[in-house]
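Protein chains in written order, with numbering that gives the first Met the number 0: chain A, 0 to 284; chain B, 0 to 284; chain C, 0 to 284; chain D, 0 to 284.
Calculated from the structure, these hints are not laboratory results. Ideal Cβ placement from N, Cα and C applies to all residues, glycine included. Some hints here could point you the wrong way.
Said to hold, decoys possible - Simulated pairs of lysine-lysine, DSSO-like, Cα-Cα distance not exceeding 30 Å:
| no. | chain 1 | residue 1 | chain 2 | residue 2 |
| --- | --- | --- | --- | --- |
| 1 | B | Lys124 | B | Lys140 |
| 2 | A | Lys132 | B | Lys140 |
| 3 | D | Lys23 | C | Lys79 |
| 4 | C | Lys140 | D | Lys23 |
| 5 | C | Lys280 | A | Lys280 |
| 6 | C | Lys219 | C | Lys140 |
| 7 | C | Lys113 | C | Lys36 |
As the list claims (entries may be wrong) - Negatives, chain A to chain D, calculated, CB over 10 Å:
| no. | residue |
| --- | --- |
| 8 | Val24 |
| 9 | Gln80 |
| 10 | Ile251 |
Number of protein chains: 4
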Amino acid sequence: MKKSYCYLLMILVFPSLISGQTGKVFDNLSMKSQILKMDRKYSVYFPPDYETSNRSYPVLYLLHGAGDDQTGWVQFGEVKQIADKAINEGVSTSLIIVMPDANTGRRGYFNTMKGDFQYEDFFFKEFIPFIEKTYRIRAEKQYRAVAGLSMGGGGTVLYALHHPEMFAAACPLSASVRTRSADRGRIAAADTAGLTTEQITNYLNQHNALYLIENMPDDKKAAVRWYIDCGDDDFLYEGNSLMHIAMRQKEIPHEYRVRDGSHTWQYWREALPEVLGFISKAFHR
Amino acid sequence: MKKSYCYLLMILVFPSLISGQTGKVFDNLSMKSQILKMDRKYSVYFPPDYETSNRSYPVLYLLHGAGDDQTGWVQFGEVKQIADKAINEGVSTSLIIVMPDANTGRRGYFNTMKGDFQYEDFFFKEFIPFIEKTYRIRAEKQYRAVAGLSMGGGGTVLYALHHPEMFAAACPLSASVRTRSADRGRIAAADTAGLTTEQITNYLNQHNALYLIENMPDDKKAAVRWYIDCGDDDFLYEGNSLMHIAMRQKEIPHEYRVRDGSHTWQYWREALPEVLGFISKAFHR
Amino acid sequence: MKKSYCYLLMILVFPSLISGQTGKVFDNLSMKSQILKMDRKYSVYFPPDYETSNRSYPVLYLLHGAGDDQTGWVQFGEVKQIADKAINEGVSTSLIIVMPDANTGRRGYFNTMKGDFQYEDFFFKEFIPFIEKTYRIRAEKQYRAVAGLSMGGGGTVLYALHHPEMFAAACPLSASVRTRSADRGRIAAADTAGLTTEQITNYLNQHNALYLIENMPDDKKAAVRWYIDCGDDDFLYEGNSLMHIAMRQKEIPHEYRVRDGSHTWQYWREALPEVLGFISKAFHR
Amino acid sequence: MKKSYCYLLMILVFPSLISGQTGKVFDNLSMKSQILKMDRKYSVYFPPDYETSNRSYPVLYLLHGAGDDQTGWVQFGEVKQIADKAINEGVSTSLIIVMPDANTGRRGYFNTMKGDFQYEDFFFKEFIPFIEKTYRIRAEKQYRAVAGLSMGGGGTVLYALHHPEMFAAACPLSASVRTRSADRGRIAAADTAGLTTEQITNYLNQHNALYLIENMPDDKKAAVRWYIDCGDDDFLYEGNSLMHIAMRQKEIPHEYRVRDGSHTWQYWREALPEVLGFISKAFHR
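So here's chain A without its partners, still in its complex pose (with noise of 0.2 Å):
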């Protein structure tokens, strides 16, 4: 007798215990990359009905954060548990979300300065096509978003910004946006050896959210959807704080908040099915 009421209190109490199909992760598929030179790890979400129908789908790109890999987000981030519940419940529409790997060689989204390393010539060119070809996904902007954290999130700031043409949406958790003071320390300590003042500020200038942001073009501002997050003591609360002045100066549309907490995955799970939900509305018309 007891025993029932406690499956009672906890079916109460815990509803969310009782859940409903769920999809699959694989975190460690690869693909030959011409451009880097060797193989490149992924991780891919499928939701719950992808094996059963044959449909084709929108596509999330999430990036991991730095000193992670393409398993970040599947083992801390709980990739896979959070989206399950949110297509089940209806936050979400059924999607596929991709997180590649941008540790491995060298770490970091961008194209090196010298061009010893080019990630994103490898992300736009050879990466999203595979990805696009090999599942049934919907490669057309509309059904395409990209998040991240961190350096992930700086990853999907700088991407959505240099190809507004590729995102229906852009999502940067706690993203390392950088001032453009911490551009010129960054640049007193890297290896420009045979590279010109021109191409050193023109590389940094392509690389600052808050340079492109102030310089872009009046057709682009509606171009991608924006949900901007980072925490009250997160320690890239300057970036992120002046990025938001930025975008309200130009008048660029965004979400923006700030909720408590800091950098940590704590905040990024919470952040995930707000992420899912706004991409979701930014699919539909």
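Dock chains B, C and D against the given chain A, drawing on the hints supplied.
Below, chains B, C and D without anything else, positioned relative to chain A:
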């Protein structure tokens, strides 16, 4: 005894938790049309128990709007999730939902004035027979419904007015319903070379919902159950308001709803469970 | 033991039985009218905290239909229970609801064509000033609303069209809104002895909502917030549908709802919480 | 034993049902000010048990924005209902909320530059002492908080920066926080006849939150608990973003939130329960 109390409690408090089974959607199927001289695409939703039962099911033909194709209700309309939920919660009977493409070749659900693209003929003479032969469908009027949004709402209205012997229920959402004066403008802009005034007038009359309602024979008034819904901010407010007035004046039984909203997928996603509930009652005796 | 189960069940299933503070209704108050040369009755609803606070409150003038009097909304409309619930649940702000009698002497909310019973003059020159002096009411347009059903819906429409400077919001329910042609019939039956055609025409125009909407000056279009509601089975469907069309064509902002139902107190009881929520938002900034 | 199960169940499942007691609001009280040479109005919210207990209570000074007066939080802010709910649900401790008028005579919460209207002196030397003598208030820093919106958010910030010995907590909502450059523009437009440049500069510094934060002595950094909230669509985004940056750089502990919304009463009504919960924790030990 006490155990059954617990069970009763659970049922009373969390009916929505009793859920779980999911259906399947295919959004890239096709058939050969002799009438249109091409392959035609369509999507199908199968209810959760389609594979495990061997019964036949009622069918809803669900029509997309202008600018979309057979994937519209799947991607933006979230037909799978909404139908799963409505069926699992007992709002809807188990049914098959068929979504044809009316965008390829030439846009629209009707025969053209010049007879060079006979979509309505295709729909009734080839598509419905093909579908109801291919899948386990109860191929009778009592178990067949039609619904659609915008241009597909206009298709719904005229299909049910042209073929009241085919549908138990018709549910136009935000339907394009032309006023008579709009017809005049339309004909002025059309290619009518080689057609007589009588042919033109007849075509317009046969494709104008208000004309057909005003001239409906008394013995057809109760042939189809109507559920009409159009938001108070929808640009198609006039045709829908006039259709309501015309049906009331002609004493044609119908449900009519004006909810808060405009010409958006959010409005139609909110409408879909009502449509499924309404047609389920129409399928019953 | 089983008793406690039953109690628990009741609590779980009927949470609304556990109610909060309740207001008070007086349905047999009266004031002296110089204009109408008689005493006039009215009802008042006071919110739960009226007696214990000393603050002032917004006010809703809530008009009954033909065949009723000031007790209609109290008896059949359950105004006390519905307003208490809406206030306790936060759907409605705390407010005073005043329900005048428009049935005694001569029925209706307007001045007569011959000027022998000037109810509208009474309402604006005597009744509102008396009410707002007698009770703790914020006697400003921003905190004043008008609503009513059927004949009282017609009163609501014309009061707000005649006096947009008086009301923040107007909510006609199942309103009697005459078409222009209905005016012709009406005048044919009226006692117009001694009146010029111009006087008659002017009177009809000034008491026809469609005429007043079509001729509304641009700077009055946003003066009042409108919430219009009329069931799909109501016999007054035509006037309400045409008022929606006229307002849309004139670009007058308004909410419009058509729900399932006819000319019944059930419909109006369901409407009242919506009305209270709507006007509460209008009272806010 | 089993009975306690039932009770436990009820508490777990419907905590919000345990409710009901309501407080009182007076919105038209006044006191005589010697400093301002006039009567000053204020509103007070008393918690549900104020009359039946004889205990003393913590106090929140809740400041209105420009264009409002002491009735703003009562009418538009729904302070009674929100505080009742927060207290009944245990989110907030029982407390008194005092809302002074800063609109009469001259608008604003500060002493004027020329010293002809010394509102801040009034507030600290007359108003707080009067209030805390008149009502049963625990007149100590630990039980005193200040909050406000817009201009009242600006008042909150500077009151707490000027008088950290007076407040346990400060909660500026959508606060007007001027950038340093805005100060320059402001001074150019002000009447500064007869004032030295040093006097002007000193006045501006003492009324600029960013200046005061940057120059805060280390031993004052933890004197007040801060809760700062400003919507991502608020026109005051820049000052609030910069205040967050300045506090982070100065290592002043604070909570900061950016939620979805703009400069609206809806935003502030949503903020108020959080404010009440936050200051309740600050009142605790």
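Cross-check of the supplied hints:
1. B:Lys124 / B:Lys140: holds, 15 Å
2. A:Lys132 / B:Lys140: Not satisfied, since the Cα-Cα distance of roughly 43 Å exceeds 30 Å.
3. D:Lys23 / C:Lys79: holds, 20 Å
4. C:Lys140 / D:Lys23: holds, 25 Å
5. C:Lys280 / A:Lys280: holds, 27 Å
6. C:Lys219 / C:Lys140: Within the cut-off at roughly 14 Å; holds.
7. C:Lys113 / C:Lys36: holds, 17 Å
8. Val24: holds, 30 Å
9. Gln80: It holds; glutamine 80 of chain A is separated from chain D by about 24 Å at its closest Cβ, greater than 10 Å.
10. Ile251: The claim stands: isoleucine 251 of chain A keeps its Cβ more than 10 Å from every Cβ of chain D (closest is about 12 Å).
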